[in-house]
Amino acid sequence: MNWTWFHRLASPPHVYTLAARLTPWFAWPAALCIAAGLWGGLVLAPPDYQQGDGFRIIYVHAPSAWMSLMVYVTMASAAAIGLIWRMKVAHAVAASCAPIGASFTFAALVTGALWGQPMWGTYWEWDPRLTSELVLLFLYLGYIGLRAGIEDPQRADRASAVLAVVGVVNVPIIHYSVTWWNSLHQAPSVMRLGKPQMPAAMLVPLLLMLLGFTLLFIALLLTRLRGEVLARERAASWIREVVRT
Amino acid sequence: MRAFFDMGGYAAFVWPAYGVTLAVVLLNILSARRALERSRAEARRRLQMQGEAS
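Residue numbers (the working numbering), protein chains in the order written: chain S, 327 to 571; chain X, 79 to 132.
Certain hints may be false.
[What the hints assert, rightly or not] Below, a sample of chain X positions facing chain S; criterion: calculated Cβ distance under 8 Å:
1. F83
2. M85
3. A95
4. R111
5. L114
6. S117
[Stated by the list, open to error] Simulated restraints, written as ranges between beta carbons of each label pair:
7. X:A101 to S:W329: 39 to 45 Å
8. S:P355 to X:E130: 42 to 48 Å
9. S:Q512 to X:A101: 38 to 44 Å
10. X:A101 to S:L358: 18 to 24 Å
Worth flagging that the hints you see were computed from the coordinates, not collected in a lab. Note that the Cβ used here is the ideal one computed from N, Cα and C, for glycine as well.
Take the sequences, apply the hints, and build the full model.
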């Protein structure tokens, strides 16, 4: 097997220019998917037979919750690669993930609270799913705080990477919390084995939103990654090429 | 149209949920671009200082 592509991913100038070229290819499809998903979710999908129009919160809540977990897994994987192969670019990927993940975890918690009040009669409950998602927010904030607190960039990369990798145990806990314990939160209706439990008119907009948010994450990550890579390369001559304007 | 904004009586929950998510999306776009711009400006400044020193 040819590993050149992998080695090129460790080269900051290659990553910088590749990220710049790829960004619009993710950003515009993301905008299209989200616009179509919003139209489908708010206008075309029929009201739920139990929750009426209140169920439409799913189109912002589920994608935000999905982001909170997917971004964390990406961050922890990049951090592990950075630790194992001492790859600077991988640490830059992990550092770029944190603010994105933290903000969508916040969105998942707030939209969840706004859905919980009319349906369960409470904004918040110390429930397994809700509590583990809150722990996820603290993991992100701890990661960001730890990085900010360590002056030496290489030590900051390594210490924060260890935190990210250890924290990944929380991801399966969040995912299975609704099956392992008694939870107010419903069980998965899309991310499950077998057929999703939703008619197509409700499901398609949700899948569009999930896809749109995922593409948006990639575009955001590529943009932040360029900044992180630039900040890590102090004297390299390639920087002269890319910041000339 | 009125019915759409009323969201079957759930307007007070549905619209804030969409508003918060939209705000998070927009802030992410703005702050990612700002972070990149900051790094580029910083890199330019470093290059300039190196240029003056040599």
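Range first: 18 to 24 Å. Now tell me if the beta carbons of A101 of chain X and L358 of chain S are that far apart.
For A101 of chain X and L358 of chain S the Cβ distance comes to about 21 Å; the hint holds.
L114 of chain X as chain S interface residue, shortest Cβ-Cβ below 8 Å:
holds, 4 Å
Grab the minimum C-beta distance from M85 of chain X to chain S and call the hint holds if it beats 8 Å, violated otherwise.
Holds. Min distance 4 Å.
Hint S117 of chain X vs chain S: min CB-CB distance below 8 Å?
holds, 4 Å
Chain S contact restraint on A95 of chain X - CB to CB distance below 8 Å:
holds, 4 Å
How about R111 of chain X: closest beta carbon in chain S under 8 Å, or not?
holds, 6 Å
Under 8 Å is the threshold here; is the Cβ of F83 of chain X close enough to any Cβ of chain S for the hint to stand?
violated, 11 Å
Range hint 38 to 44 Å: satisfied by the CB atoms of Q512 of chain S and A101 of chain X?
violated, 26 Å
Verdict for A101 of chain X, W329 of chain S (Cβ pair) under range 39 to 45 Å
Given a distance of about 43 Å, which is inside 39 to 45 Å, the answer is holds.
Hint check for E130 of chain X and P355 of chain S - Cβ pair distance inside 42 to 48 Å:
At 44 Å between Cβs, range holds.
Going down the numbered hints, you'll see the structure goes against 1, 9, while the others check out.
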